[in-house]
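2 protein chains.
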Amino acid sequence: MNITILGGGGFLGQKLAARLAADGALGGTPVSSLTLFDLHAPPVPKAAFPIHTLGGDVAALPDAAIPAGTDVVFHLAAVVSAAAEADYDLGRRVNVRGTDAVIDACRKLAKPPRVVFTSSIASFSGGQTAILGDQARQLPANSYGAQKAAAELFLLDATRRGFLDAVCLRLPTVIVRPGRPNKAASSFFSSIVREPLLGLATDLPVADDFKVWVSSPRSALGWLMHAATMDTAALGLDRSINPPGISVTVGAIVAALDQVRQGASTLINRAPDPAIEAIVAGWPAGFETDRARGLGFAPNEDLVTLVRSFVADDLEATRAERG
Amino acid sequence: MNITILGGGGFLGQKLAARLAADGALGGTPVSSLTLFDLHAPPVPKAAFPIHTLGGDVAALPDAAIPAGTDVVFHLAAVVSAAAEADYDLGRRVNVRGTDAVIDACRKLAKPPRVVFTSSIASFSGGQTAILGDQARQLPANSYGAQKAAAELFLLDATRRGFLDAVCLRLPTVIVRPGRPNKAASSFFSSIVREPLLGLATDLPVADDFKVWVSSPRSALGWLMHAATMDTAALGLDRSINPPGISVTVGAIVAALDQVRQGASTLINRAPDPAIEAIVAGWPAGFETDRARGLGFAPNEDLVTLVRSFVADDLEATRAERG
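Chains as they are written, first to last, in our numbering: chain A, 41 to 363; chain B, 41 to 363.
Since the hints were derived computationally from the structure, they do not count as laboratory data.
Certain hints may be false.
It does not matter which identical chain is meant; a pair holds if it fits inside one copy or across any two.
[To be verified] Below, simulated SDA-like cross-link-like pairs (lysine to any residue); rule was C-alpha separation at most 20 Å, straight line:
#, residue 1, residue 2
1, K148, A87
2, K55, E341
3, K151, Y128
4, K148, D97
5, K151, R362
6, K55, P83
Keep in mind the model is a prediction, meaning the values are calculated, not measured.
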């Protein structure tokens, strides 16, 4: 199995590459080669199969990023929410033109590859009172979400035309992200766990009773791998899936933090930020995920397990990286 | 009021230009200038105000197409359904890149113009049993529909950002179209009325009990003009409207034809065409249009009036054009 990860230098891309390198297989099929593509050539994990790494603009995707014989493309390359809001042209270039470039690369292949695309709950609105069903309409209140919803439409159409075989996952807010705070409006949902565990103070821009739809990196990784190998015949025309995250309050995240590291939450400063809240408050608080569960997507773990997983998987590497 | 019609050489574009020229005003405001843009510079009606005409590629829109001071843009430029299905790249270029070019032109203006965009029921699926509500999800089963749905998302987002002030009308199948059969999969819905009235034989590729959501050119024109001048404050984030067409069977269209011209339907040959049916059978048979009616969009006339309007408005010009 020949695999490409676009956005292979990012948080999920690197975790996925490491997992494929460790397993040597995906869905029981041995991995023959892996290609990692990002703005800059991503780091390469140790593996028993060849790994190619290359850098560039996803909207001007080089042929080598999705070479002949590619079976699976993980299309994770994106400009995130606050950055796409700050720079409309950049968001359009990466999130829309980038997806068109992926479609065009797949059209050149002899066999339509599976394409696993990370869309986002930011493509929906509805806000704190909304629990959305599988047939909910995407009415995005931010450019990132609009671009992701449009990319889903193009991938649905490309699948119908036989150019590729897409599964689009509208990922919840993934916490806890390792590394540093980033430009996503949702960055603070990770920071309120990660920073205190590093002994650092952090700001909480929304109230404790603010509800958010989250998943862990472990669950997101599991969903990506399931999407890459599942039987897509049952999907029909509709190639988009709301995977089974969990709807939690910020207060519950803080409580889980304290349960894992007593008193850690004293490093959290309540600092309301209307600009951040204006973006995240538009996202729905939860989803009914009957379709995803019926298609074999595993439920997310509970919050305490999620915080413990961050400590086990990422805390030391994050501490080392940040010095 | 300075007005631009993109796709100004097309069927609705020419009707709209003629109407503006005749009225000298839109929504009670005098027209100061009109710019007509299409692939080739469109014909210009006689008017008391200056009319500029220019030709080119909408995806590389010249500045003169939406000049400084433009108040209203009718964005009707499109590659239609069967043509977008036959040529994926052309459909993407005109229907998606073209809309991006319109957005970029509007961003340059000092005041965000009203943009009236013609989307389509082809952006929905559901088929013969579906009566869709205002919150129905767009799950297009053809490239044209996917491109139109994506363009709606970009216009919604551009409105939210303050680049422009969009109203997107998901037009029903508009019958009776003048002129010749075209590459739209829905072309036959007009041909079965127009061709017999010209004394010409025509093929009917679906069964008589096939249901279709239609509107007349007169109604479509009325909706375009209402969308150009209505108060958009009530729309909120959601800039897309399903206007109040009528759900009819092909048999009812044929009966209305015979009521207007006795025996005309003997020129209709039942000639099932699975390729045509595969496209149109995916479109929903009807819509609930509470939102549109609440926003002041007038209901469509009945079928007999619709056929009589074609005879009154377009039959002689079509006969002359086709020789």
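- Starting from the hint list further up, note which numbers the structure goes against and sort them upward. 1 and 5
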